[in-house]
Amino acid sequence: MNDLELARRALALLDGDESQATVTHERSLATRFARSTPTQATAVEQTTVELLCVRDGQTGSARTNRLDDDGLRAAAQRARAATIAAARSGAGEYPGLPEPANVDACAGFDPATAALDPAQAAGALRTAFAACASAGLEAFGLWTAGAVHTAIASSRGIALTEAVTDAHLKVIARDTAGRSGFASATSVASGEIDAGAVVSAAIERRASREPLELAPGAYPVVLDHAAVATLLEFLAELAFNGLLHAEGRGALTDRIGERVCAPNITIRDEPGASGTFSRAFDAEGVPKHALTLIGDGVARAVVHDTRSAARAHAVSTGHALTPGGDPDGAIPTNLVLHGGGAASLEELCAPIERGIYVTRLWYVNTVEPREAVLTGMTRDGTFLIEDGRIGRPLRDVRFTDSVLRILADTEELTAALRLVGEADLYGERFATAALCPALRATGFRVSGSA
Amino acid sequence: MSKRGLEGALARAVELAAALPAGAALPWLDPLPPAQGHWRSQCEIDPFAGSLDDRLELLLAADAAMRGDPRIVHTEAQSLAIRTSIAFASSEGAAITQERIESGGGIAAHAAADGELQTRSYPSAHGGSVALAGYEHLLSLDLAAHAPRVAEEAVALLSAPPCRAGRTTLVLGDEQLALQVHESIGHALELDRILLGETSYAGASWVSPSDIGTLRYGSELLAVTADATLPRGLGSFGWDDEGVAAQRVTLIDAGILQATLSDRMSAATIGTLPSGAARADGFARQPIVRMTNVSIEPGEAEGLEGLLDGVREGLYMETNRSWSIDDQRLHFQFGTEIGREIRNGRLGRLVRNPTYAGVTPRFWGALDAVANAGSWRVWGLMNCGKGEPGQVAHVSHGAAPARFRDVEVGVLG
Chain A
0 MNDLELARRA LALLDGDESQ ATVTHERSLA TRFARSTPTQ ATAVEQTTVE LLCVRDGQTG
60 SARTNRLDDD GLRAAAQRAR AATIAAARSG AGEYPGLPEP ANVDACAGFD PATAALDPAQ
120 AAGALRTAFA ACASAGLEAF GLWTAGAVHT AIASSRGIAL TEAVTDAHLK VIARDTAGRS
180 GFASATSVAS GEIDAGAVVS AAIERRASRE PLELAPGAYP VVLDHAAVAT LLEFLAELAF
240 NGLLHAEGRG ALTDRIGERV CAPNITIRDE PGASGTFSRA FDAEGVPKHA LTLIGDGVAR
300 AVVHDTRSAA RAHAVSTGHA LTPGGDPDGA IPTNLVLHGG GAASLEELCA PIERGIYVTR
360 LWYVNTVEPR EAVLTGMTRD GTFLIEDGRI GRPLRDVRFT DSVLRILADT EELTAALRLV
420 GEADLYGERF ATAALCPALR ATGFRVSGSA
Chain B
0 MSKRGLEGAL ARAVELAAAL PAGAALPWLD PLPPAQGHWR SQCEIDPFAG SLDDRLELLL
60 AADAAMRGDP RIVHTEAQSL AIRTSIAFAS SEGAAITQER IESGGGIAAH AAADGELQTR
120 SYPSAHGGSV ALAGYEHLLS LDLAAHAPRV AEEAVALLSA PPCRAGRTTL VLGDEQLALQ
180 VHESIGHALE LDRILLGETS YAGASWVSPS DIGTLRYGSE LLAVTADATL PRGLGSFGWD
240 DEGVAAQRVT LIDAGILQAT LSDRMSAATI GTLPSGAARA DGFARQPIVR MTNVSIEPGE
300 AEGLEGLLDG VREGLYMETN RSWSIDDQRL HFQFGTEIGR EIRNGRLGRL VRNPTYAGVT
360 PRFWGALDAV ANAGSWRVWG LMNCGKGEPG QVAHVSHGAA PARFRDVEVG VLG
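Those protein sequences? They're chains A and B, same order as listed.
Quick note on numbering: numbering that gives the first Met the number 0 labels position 15 of the first sequence as 14, and the sequence is numbered without any gaps.
Quick note on numbering: numbering that gives the first Met the number 0 labels position 249 of the second sequence as 248, and the sequence is numbered without any gaps.
Okay, chain A solo, but in the shape it has when bound (with noise of 0.2 Å):
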């Protein structure tokens, strides 16, 4: 039985009650290696179906992975028996299940990736290991890849497929003074990520000789890929997310329409956009599209899903998380932040007299949501730019500073994205991505180092 039937099957569980199935099969590999040796090698295969039931505006739902006849029926009894609950308690705001649209496939799968090869990990391991050892470093880090298959059936008709495949190598080389530094890839396909330039790249970010320590003030910066995602990332969730907005709760709330940023970021949700994450719809089953959220440096449009569009007297624009919407609201997972004009990283320092690289983000949190101001630490590279280039290494330092506020004074971006996701994957496997340039800003506020 393929997914989509298993959804049918399910469904019908269902039958008289407007509802939705959902089935996730994921398939995944997972290689860790610490100190130039693998720890941990996860393999999983895992099947789980959702069903969502609907009355008068109130859902209910139950997962499974118990997929014989008696675990199918137990979760469409809890399923039904919360809606019926919910219902009782008074009618909701969820304006029903979508209805079927035209979907475009989406180029979102590898094959080759989804074999799922452990000798693939293994090599990659091999030579992270080997370059390491050639420059006297130890390699940690972790190769991972997987296959998502999904398939949703509604009561209002919608059926449809979907398999999507993701592949992720990052290493840090370290020394044995604890100095670091960090390259990653992501992918659509395994076959795409070449490991030897990523632990070319991780061993050159690392710091040579002692770091210094920089006092907290405010600095000219170069964000290197990594970083740039993680900022994005973060923005996403603060003032794209079209609940927040609606509630008065967003960081774009009461700024549609206005210059948030400089007028070089063009920031667009894109899950189409080759190279991306690619997906073809949401977890409500509604297509996606593109949708420019900053142009030219004004704030255009926040995301939705069916729940939080009724909240705002909008459209869902295919951003459901999960089966009849999130109570967090929705945001987008293909940002695309547009390049600019430099040809390099060193043509991003070249104007700097005294400023900071930033390899990487680590640990970020928000601190005042409506501003987006964030708070985070530096890790594995961060060096001190001197008469526009990078030199002397300097320790980890935590910056506190709004995310609009960075990219409104941005100067400039590279004409080259790169495609930055985390791969640490909690949960029921799924692969986000950001494709971003790295860019300069003035004024990074940075308020300690350890």
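One thing to keep in mind: the hints can contain errors.
What the hints assert, rightly or not - If you want the ones that stay clear, here's a sample from chain A, every Cβ over 10 Å from chain B, calculated:
| no. | residue |
| --- | --- |
| 1 | ALA33 |
| 2 | ALA85 |
| 3 | ALA90 |
| 4 | SER207 |
| 5 | GLU236 |
| 6 | ALA313 |
| 7 | ALA342 |
| 8 | ALA414 |
| 9 | THR441 |
To be verified - Example chain A residues on the side facing chain B (calculated, C-beta under 8 Å, incomplete):
| no. | residue |
| --- | --- |
| 10 | ARG26 |
| 11 | ARG34 |
| 12 | ALA42 |
| 13 | THR46 |
| 14 | TYR362 |
| 15 | ASP423 |
| 16 | SER446 |
I should point out that these hints are in silico values taken from the structure, not numbers from a laboratory.
Being a predicted model, the structure only gives us computed values, none of them experimental.
C-beta: ideal position from N, C-alpha, C; glycine also.
Start from chain A and add chain B according to the hints.
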């Protein structure tokens, strides 16, 4: 689950292990006495036996009690109940089963006006209070009774003055102190991190194995335990996920580091016995070193009043809002939902967006009072992330309000 499926999983695991390059030799693991038996957590009222209607009524009453003021733009009332059944068998002869029931909930009110957004939660942020207990725990929280105050404080914070920047005496509420212990002590003392095994993601630690027994982690008032037998603690169990029996371990005594959190492999690497801290968040993840219930032991101050007594000027902060710490667990910055000025031994006016920052050993070195056992409570955390693929651990921390001298506050960039 079928025999064929299990055999397939085993074959896949063997294939995977065989494919990977050889690494450094692993330490020899001394065999464990085979764990045998069944363990289940305490639960007075089965949270799955009651009606959903009763549960919803409780939540809706709390939700309604937070609403009314137009500046309250979003409210949340939530509860959860989780029953986890675990069966563990090993080639060393272990054969155990465990059942854990977790229950709890909480409320939050979000107020917005004039470009300001403020949140208040009860009894704690990030989903409320969850314990290894039954429905009785949710009932004991009495969410509806606290709802009006929560909403009023969220609105009041909109017009409160911002937290001033500088250095001052800081008194932390017990919920915030629990997270401070979690981030700057619990994670730092995970032995896999100390041995660089988690460098790829969560990071390492400023502590080294040779520090055990000698490192001054904080002032003499700092005493910390890891106790997997703590009643109602989310980090309690009969055996960890390697079959090591639950135990209580002194991590820090009189400010001096005594032990770490460890699994069998990391403990064998440094030649000690495992502390029973190997945990996995499900069948599809490998056990890694996690916290159990890492608690700061109560002190002698007579509650919050005792901590405030004698403080001419300072700040009190309560209920976590933001948290961040570096990959060595040294430099941290926290924000809380609410702050209050302390003047001449008393709590004064509200301040909004309070934050504080510090460096782990200096901060704990500035600890000069902990409230006594009458103010000590166990706080559950449901969102502790670590590992690749990511794993979420549920842990608890016992904590009482505590006082620190000369702390950096009001860090807003």
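Hints, verified against the model:
no. : hint   : verdict
1   : ALA33  : 5 Å, violated
2   : ALA85  : 7 Å, violated
3   : ALA90  : 13 Å, holds
4   : SER207 : 19 Å, holds
5   : GLU236 : 13 Å, holds
6   : ALA313 : 17 Å, holds
7   : ALA342 : 31 Å, holds
8   : ALA414 : 30 Å, holds
9   : THR441 : 14 Å, holds
10  : ARG26  : 10 Å, violated
11  : ARG34  : 6 Å, holds
12  : ALA42  : 5 Å, holds
13  : THR46  : 11 Å, violated
14  : TYR362 : 5 Å, holds
15  : ASP423 : 4 Å, holds
16  : SER446 : 5 Å, holds
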